Amino acid sequence: GAGVSQSPSNKVTEKGKDVELRCDPISGHTALYWYRQSLGQGLEFLIYFQGNSAPDKSGLPSDRFSAERTGGSVSTLTIQRTQQEDSAVYLCASSLQGSYEQYFGPGTRLTVT
Amino acid sequence: QKEVEQNSGPLSVPEGAIASLNCTYSDRGSQSFFWYRQYSGKSPELIMSIYSNGDKEDGRFTAQLNKASQYVSLLIRDSQPSDSATYLCAVNSNNFNKFYFGSGTKLNVKP
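Which chain is which? The protein sequence lines are A and B, in order. The opening residue of the first sequence carries number 1 in our numbering; numbering runs sequentially from there. The opening residue of the second sequence carries number 1 in our numbering; numbering runs sequentially from there.
It is worth saying that the hints were derived from the structure and are not from the lab. Quantities reported herein were computed from a predicted structural model and do not represent experimental measurements. Worth double-checking, as some hints may not be accurate.
Straight-line C-alpha distance at most 25 Å; calculated SDA-like pairs for lysine to any residue [claimed, not checked]: (1) A/57 x A/71; (2) B/98 x A/69; (3) B/42 x A/22; (4) B/106 x A/39; (5) A/11 x B/42; (6) B/110 x A/41; (7) B/98 x A/113; (8) B/98 x A/14; (9) B/42 x A/89; (10) A/57 x B/110; (11) A/11 x B/45; (12) A/57 x B/92; (13) B/98 x A/98; (14) B/42 x A/113.
Chain A with its partners taken away, still in its complex shape (with noise of 0.2 Å):
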């Protein structure tokens, strides 16, 4: 079946502007995670989103990144007034409700200048 989809693969933006990163989870999957990897680094983690459940949004850098989830199915990340440490790969991934074993998409590549 289909993986985890994300868009776009690679986004390079001006500092200042705002930029929106989605991701398609896998269907069925309730549960849906975004990381931020940059080079080198593991992954750190960001938000997390459990059906109809109020997400964990305590990985959260700043206020200058939110993210929602509609219908229970897509997410988009949005980074306002992107800075130039927002420069990462942005991984999202999804899993089956209590099994915790996370599939990635290929994540989006965010380039600030």
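With chain A fixed as given, assemble chain B onto it according to the hints.
Structure of chain B alone, referenced to chain A:
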């Protein structure tokens, strides 16, 4: 102290040898442990999950967990050049929603 620690490597092993990858974690309340493989420029791919103390085998891979020592490892038997990648250890936090990833160990399997 980082929540999950891994030796960055690179770990070099000859083809056919056993590769041993190690990970320590700080949260004693952690319940779920995972190993992911990440090829250069690609996203992480789940290899193994382990939830109980002891060993869990899946093909050439064996995960080992010791909660008392807060230690989890991955053994790869009969290593192949195609196993060359970065291996990420992931541990859930006491808040089950949140996962911490190590920065990964780079494995090179030499033909």
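Against the structure, the hints come out as follows:
no.: 1; hint: A/57 x A/71; in the structure: holds, 18 Å
no.: 2; hint: B/98 x A/69; in the structure: holds, 17 Å
no.: 3; hint: B/42 x A/22; in the structure: holds, 18 Å
no.: 4; hint: B/106 x A/39; in the structure: holds, 14 Å
no.: 5; hint: A/11 x B/42; in the structure: holds, 16 Å
no.: 6; hint: B/110 x A/41; in the structure: holds, 24 Å
no.: 7; hint: B/98 x A/113; in the structure: violated, 31 Å
no.: 8; hint: B/98 x A/14; in the structure: violated, 31 Å
no.: 9; hint: B/42 x A/89; in the structure: holds, 10 Å
no.: 10; hint: A/57 x B/110; in the structure: violated, 42 Å
no.: 11; hint: A/11 x B/45; in the structure: holds, 23 Å
no.: 12; hint: A/57 x B/92; in the structure: holds, 15 Å
no.: 13; hint: B/98 x A/98; in the structure: holds, 13 Å
no.: 14; hint: B/42 x A/113; in the structure: holds, 23 Å
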